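Chain A is fixed; fit chain B onto it per the hints.
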Amino acid sequence: MQIARPHRFARTASADAPAFVTWRGLLPTYALAALATFAVGVFAVSWGTVHIAPQTTLRVLLGHLPFVPAGEHSAAIRAIVWDVRAPRVLLAGMVGATLAFCGAAYQGVFRNPLAEPYLIGVASGAAVGATLIIISPLYVTVWLLSPLPPAAFAGALAAVALAYGLARAHGRVSTTSLILSGVAVSSVCTSIVTYLMLTYNTRTLAILNWIMGGFNTASWKEVAIAAPYMLLAAVVIVPLARLLNVMQLDEDEARHLGVDVERLKLIVLGLASLATAAAVAVSGLIGFVGLVVPHIVRMIWGPDYRRVLPLSGFFGAAFLILADVIARSINPGYEVPIGVVTALVGAPFFLYLLRREGRRGHEAA
Amino acid sequence: MHNTWIRRLGPLLAIGLILAATACGGGSSKAAATPVKDNPTPITGVSTPPAFPLTVKRSDGATLTISEPVKKIVSMSPGATEIIYAIGAQDALAAVDKNANYPDAAKNFPTKIDAYEPNIEAIAALNPDLVILPGDNGGILAKLDGLKIPVLYQDLDKDIKTVDDVLGQITLLGQVTGHTDKARELVQSLSKRIDVIKQGVQGIPSQDAPSVYHELDSTYYTISTGTFIGNLYEILHAQNIAKDGAGVAYPQLTQEAIIAANPKIIVLADEAYGVTADSVKARPGWSAIDAVANGKIIAVDADLISRPGPRIVDALEDLARKIYPTRFQ
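Residue numbers (our numbering), protein chains in the order written: chain A, 1 to 365; chain B, 366 to 694.
These are calculated hints, taken from the structure and not from any lab test. Quick caveat, the model's predicted, so the values are computed rather than measured. Careful: at least some of the hints might be erroneous.
[Unchecked claim] Here are the simulated lysine-lysine pairs, DSS-like style, with alpha carbons at most 30 Å apart: (1) Lys472/B with Lys557/B; (2) Lys629/B with Lys563/B; (3) Lys547/B with Lys221/A; (4) Lys508/B with Lys557/B; (5) Lys523/B with Lys463/B; (6) Lys463/B with Lys221/A; (7) Lys646/B with Lys221/A; (8) Lys477/B with Lys563/B; (9) Lys523/B with Lys547/B.
[Claimed, not checked] Some residues of chain B that are not near chain A, with every Cβ distance over 10 Å (derived): (10) Lys437; (11) Asn473; (12) Leu551; (13) Val561; (14) Lys563; (15) Ala622.
Idealized CB from N, CA, C, for every residue including glycine.
With the rest of the complex left out, here is chain B:
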């Protein structure tokens, strides 16, 4: 019975998990067992000069060559869409993903594509000169390649694992759209803000580094250190109780592991789905956790924190203020 769904949605799952976990900002985010590899694929184009033709290595190992600034982008990644708006390249957008909701212009964008069930005909009809793909959902990559539509495929789980990787995406999209100056300015200002945070947490002795449980949904899915959300906690010198997730990017913790880890802080990214500090406090047995006993249960905006776009720095600052209220105002 339930196998029917798994069979039917199996291929869809692979990316669905990634998308919802990172792109959509859903409170229920979790991901399949995607091993975190130790050899991050270098994002070429980050350090190379913006001269065309530009070559970019895709997550599937293929190389994408772009010979001139793109003008008709189909962005299947809400994070990439936010970047494109932030660097002023929105005129090059032909369509955005259904879940894009920031800025307002993206939310109200007239042409939207469902990234979960991408309609290849709808994409082809737009005659795009670039499709930005954050994951290969249901063989869409092969189909687009078959139609000779250039695809910038940079997998959220494989290639965007740190905040630096997000900055790399900004630089890359700046080059691709020919908005290099604007992208450089944005990266510089974001880097400056990140540095302020880094300085602020400097000198926190390791025994004072708070342990954190980051809750994605009410069945205890969380993030491992090998994700860009996990990277935020590394920057903040906080210890993620899920650690490397035994190789899973978005693992599901057992309740007893959470209670035994005794986190000092609980971060709720699932407030949009009704999980509140009060409902966490009411969970049987959770009163034994320091964070619950001391009322250190904080909520974050799931959209901010789960999208690899410029607002990830907003999320970082927000977390810094909430975790270290005395150090950051």
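Chain A on its own, in the form it takes in the complex:
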């Protein structure tokens, strides 16, 4: 954005930030995080209830590249590696990255540590969309396209737009009114879903199953559907990280420093909601990742949004990929809801970091 020269303030913005770091100086950090996430992904693809040797996995995967001989593998192994595991791991990574990244962006805009990507209605709006499809005769898995993801996507965006519109006054949207209108819209959506669930009680389980989220039915189709929105959010929001840093001071102060706060909010929230809606549409509601991963990243790497945003993305991807590995490994061959795993694994780790942080603060004082 052309409206500010934030690098001058980045230095003063956070007094406890050590030395000034350029974008270029951050590249090694990004590269390392990307490499680590990739390694987690490769591990996850070669891990499963059906034992397939890592070299076999790799050969099947590479066989899909041009000019690489595919090798001789049974149809089942090819199907498991390429049609089931690879898209599943990729989708889990994409959804984890999106939720954590958008969580960080939401926290930046709202300047509220409890902000998460579901805060202003994405999740509950998507749930209404998905529920309406599940109870309707449209719930047909036509062999290429299920109407469920588009409906969830539309519901999510409608709820966010409604919350945003309700909070808007005199051309401005205060973060407080946006949170409040988001909560109100979410409550209405939640009661609609609850009512529908009880009215169409033969479909209660399909609805709950969707709400609990997961990657059991992941395929390349979902990957392709969701990827553009997620990439768009990343490509546009990451360069705005410095403005988000300035925003952390105070909205009015940021305004005086020349930041077009309203526009920044609209762009960041709009794209983050779009990406989250896409994630929710293909995976259901997976809690905890969007709230906690950005905090973990902040505790380890500090509050600079140029670190928080991309590293939340990588860390969120690795986290959800591993959570999904656990979800499909606890009872080999059977699924465990992934939301259970994210909370069970993530919460204690988060608490540990919180305690450590608290002790360190105490010692420093």
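Coordinates of chain B only, in the frame set by chain A:
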């Protein structure tokens, strides 16, 4: 966010899962982690003579004593409702569950109770002398007990795990309503039909026993051997790929486990929700499964197969014809 639903519906879930999986015949059926116990509670009253007072052991361990044939039943189980009609005891019905849809008279029954959110006042107002409960939904059992309304609580997951258990229910409901003769005739005719099937599959060598994946919904929920649906496959000498479900009655399989198990037959109980042989064939990677390659994807009527009533034998015969087309016509 989603925790709100889980919190709100937590208690409802416990039975909801069971009901939808078994009673409603929903294509999306699945159940929570209800461990399958090895010590099936004996259904007393099956072998005891029909003399009153009749004592029945409930799933919660309490004993129900019935001193005379009941005349005002609130049946919260579509399966039990089908049995009551089949033994000609329908005059004793005061209300049926909202999901009851067979026979037509049950479907059009004037008084219906929502088994998912049972309204205790609506039940009490009917002044029933027996409430048939297939699961304890939202503490309804304690409430009914508190009002001293006799409750026949026989949990679908704990006590009705085989086709024999279903026959036991018929006998029991015959005794409870005083229609013992009709119930005995029904059990005899059903047993005869089951025996025909059993003879038909006799002598199938174990290596020829087909492996089966029974799909409850499009996210791969299925049935384990510890359920009365799983029992149908045992009777048919078919191998259920979900086996004991790691202790879960209605487990969710991973896709790779299904592909690796390579079932010879796929049974769809979710056709009502748009899953068809064609849509299964179109699933990425599923062409590696024998059942898909050989076109052995069969659909069953979810209402027939998921209700512990007399029509479970219809479901058994239907499955037998579809799995062994050469042995059964």
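These are the hints, each one checked on the structure:
About 29 Å separates the Cα atoms of Lys472/B and Lys557/B, which keeps this hinted pair within 30 Å; it holds. This hinted pair checks out: Lys629/B and Lys563/B have alpha carbons roughly 20 Å apart, not beyond 30 Å. Between Lys547/B and Lys221/A the alpha-carbon distance is near 56 Å, which puts this suggested pair outside the 30 Å criterion. With a C-alpha separation of about 41 Å, the suggested pairing of Lys508/B with Lys557/B is violated against the 30 Å cut-off.
Between Lys523/B and Lys463/B the CA atoms are separated by roughly 23 Å; this keeps the pair inside 30 Å, and the hint holds. With a C-alpha separation of about 38 Å, the suggested pair Lys463/B and Lys221/A falls outside the 30 Å cut-off, and the hint is violated. Of the supplied pair hints, the one linking Lys646/B and Lys221/A holds, its CA atoms being roughly 15 Å apart against a limit of 30 Å. Annotation: proposed proximity of Lys477/B to Lys563/B is violated, straight-line Cα distance about 38 Å (limit 30 Å).
This hinted pair checks out: Lys523/B and Lys547/B have alpha carbons roughly 27 Å apart, not beyond 30 Å. Every Cβ of chain A is farther than 10 Å from the Cβ of Lys437/B; the closest lies at roughly 25 Å, confirming the non-interface assignment. No Cβ of chain A approaches the Cβ of Asn473/B within 10 Å, the least distance being about 18 Å, so the stated non-interface status holds. Every CB of chain A lies more than 10 Å from the CB of Leu551/B, the least distance being 27 Å, so the non-interface label holds.
With a closest Cβ-Cβ approach of about 32 Å to chain A, Val561/B is found to remain outside the 10 Å limit, as its non-interface label requires. A cut-off of 10 Å between C-beta atoms confirms that Lys563/B is not in contact with chain A; the least separation is 30 Å. Its closest Cβ contact with chain A, about 4 Å, brings Ala622/B to no more than 10 Å, contrary to its assignment away from the interface.
Of the numbered hints listed earlier, those contradicted by the structure are 3, 4, 6, 8, 15.
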